[in-house]
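**Q** The residues making up each chain are set out below.
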Amino acid sequence: MTVNEMAQEVGLKSLSTYEDRPVNGVFVSDMVSDVMAGAKSGNLWLTVQTHKSIVPAANLVDVSAVIITGGKDVPAETVELASKFNIAVLSSDLPTFELVGKLYQLGLGSS
Amino acid sequence: MDIRAIKEALDAEVVEGQNLLSDQVDHVYASDLMSDVLAFGQPDSILLTGLATQQAVISAHMAEFKGVVFIRGKHPKDGAGKFAHDNRLVILCSNLDMYEACVRIENLVRGERDELEARKRADKPEKLLLSQERFMEGSDFANAGMISTEIKSVLKKIGFDPKLIRRVAIATYEGEMNVVMHAKRAHVFLTVTPQVIEVVIDDEGKGIPDVDKAMQAGFSTATEEQRAMGFGSGMGLPNIRRNTDELNIESQVGKGTRLQMRFMI
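Heads up: the protein sequence lines correspond to chains A and B, in order.
At position 63 of the first sequence the residue is numbered 63 (the working numbering), and the sequence of numbers has no breaks.
At position 51 of the second sequence the residue is numbered 51 (the working numbering), and the sequence of numbers has no breaks.
Just chain A, same shape as in the assembly (with noise of 0.2 Å):
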């Protein structure tokens, strides 16, 4: 699966623009070293993080795409940034827990 199809399944709203890749597996972690730790190249990145500094963390760690939860507005320059970098910075309405049960019914399993 896609990051837009998984977009698409899930209804996420894209704010960056980015080049779609497949996805395998999901990343929940609002501490940028656990994610420099843990997760895997190609996970989704769910957090509510919002600052820029999550790109370089992102792209270093080459998430498929990072998801902001919760409904939280995203900084003009983050989204910027984002796109700079080709990285897929997506959000959702919904709250990281109800957001992880659907990715999960997606069949999409752990980093």
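Derived by calculation from the structure, the hints in this document are not laboratory data.
Hints should not be assumed to be uniformly reliable.
Said to hold, decoys possible - Not close to chain B: a few residues of chain A, all C-beta gaps over 10 Å, as computed:
(1) S14
(2) L15
(3) D20
(4) F27
(5) V32
(6) M36
(7) K52
(8) F85
(9) T96
(10) G101
(11) K102
(12) Q105
(13) L106
(14) G109
Stated by the list, open to error - Listed next, the stretches of chain A that the computed footprint assigns to chain B, with coverage defined by at least 3 CB atoms under 8 Å from CB atoms of chain B:
(15) 40 to 51
(16) 59 to 73
What the hints assert, rightly or not - Derived BS3-like pairs (lysine-lysine); straight-line CA-CA distance at most 25 Å:
(17) A:K40 x B:K157
(18) B:K157 x A:K84
(19) B:K184 x B:K206
The model shown is predicted, which means the values in this text are computed figures rather than measured ones.
Beta carbons are placed, not taken as given, at the ideal position from N, Cα and C, and that holds for glycine.
Got chain A sorted already, so can you dock chain B onto it with the hints?
**A** Using the frame of chain A, we list chain B on its own:
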């Protein structure tokens, strides 16, 4: 090796051939049986023997040796000296026994071999393929992560294994974040040789009072504001350690910290 080196290694006395000590020998033959010397000896050798007779010197000459070492303190009493003199052969006398004499010459050979290897290596120092220097400011959250992102790009362009690049990127990112959170400014040096990728982050800042403590997972000196952004979980240095092949941390409180991170290719 030259005969002088053998003389010194064996603490030997020169009985004949003082002017021939600069001659080179390629092989050493140790034996008390002269027919073996004639059968198996190679030209330009030196003979180690306990048979202190003129016959030994003649045999050595027939086998085209450069000279003879009489061991166990033996001195020839017959015309060995004169024969050697007339036929341009060296005679040395050593008090060592055969075993010790052989060991010493072996050490001499090994020493010379090691020296040669070292000299070869010195002529070919680690070839520098790339050397870049970057500068970053502390507290600059707006640009946090940009340097590690650049370095990742550079390595990707060179074409390194993605898993290796990821390790370098993660470690550099954590190092960069440490500067942003805890230091005033830093220089970041990237060096690439055929064997290793090295990233050095040299900062001016408050330094680390207890490096061992800082290496503990979960230990953090981040501010509340930084934690609110998701930083300061205390995993930075452990993450760096896990991703590097070699990590050296030097720090002085009140001055700064220098991280040397090496990744074998």
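**Q** Does each hint fit the structure? Answer for all of them.
**A** Each hint tested on the structure:
1. S14: Its Cβ never comes within 10 Å of chain B, the nearest being 22 Å, so this holds.
2. L15: About 19 Å separates L15 of chain A from the closest Cβ of chain B, which puts it past 10 Å; holds.
3. D20: With a cut-off of 10 Å, D20 of chain A remains clear of chain B, as the shortest Cβ separation is near 19 Å.
4. F27: Consistent with the label, F27 of chain A stays out of reach of chain B, its closest Cβ about 13 Å off (over 10 Å).
5. V32: violated (5 Å)
6. M36: violated (5 Å)
7. K52: violated (7 Å)
8. F85: violated (7 Å)
9. T96: Correct as stated: the minimum Cβ-Cβ distance to chain B is 14 Å, above 10 Å.
10. G101: holds (23 Å)
11. K102: It holds; K102 of chain A is separated from chain B by about 23 Å at its closest Cβ, greater than 10 Å.
12. Q105: Since the minimum Cβ distance to chain B is about 27 Å, Q105 of chain A lies beyond 10 Å and the statement holds.
13. L106: Non-interface label on L106 of chain A holds, nearest chain B Cβ at 26 Å vs cutoff 10 Å.
14. G109: holds (21 Å)
15. 40 to 51: holds (count 4)
16. 59 to 73: Per the Cβ count (4), the hint holds.
17. A:K40 x B:K157: holds (22 Å)
18. B:K157 x A:K84: Between K157 of chain B and K84 of chain A the Cα gap is close to 18 Å, so the pair holds against 25 Å.
19. B:K184 x B:K206: holds (8 Å)
When the structure is compared with the earlier hints, violations turn up for hints 5, 6, 7 and 8 and for no others.
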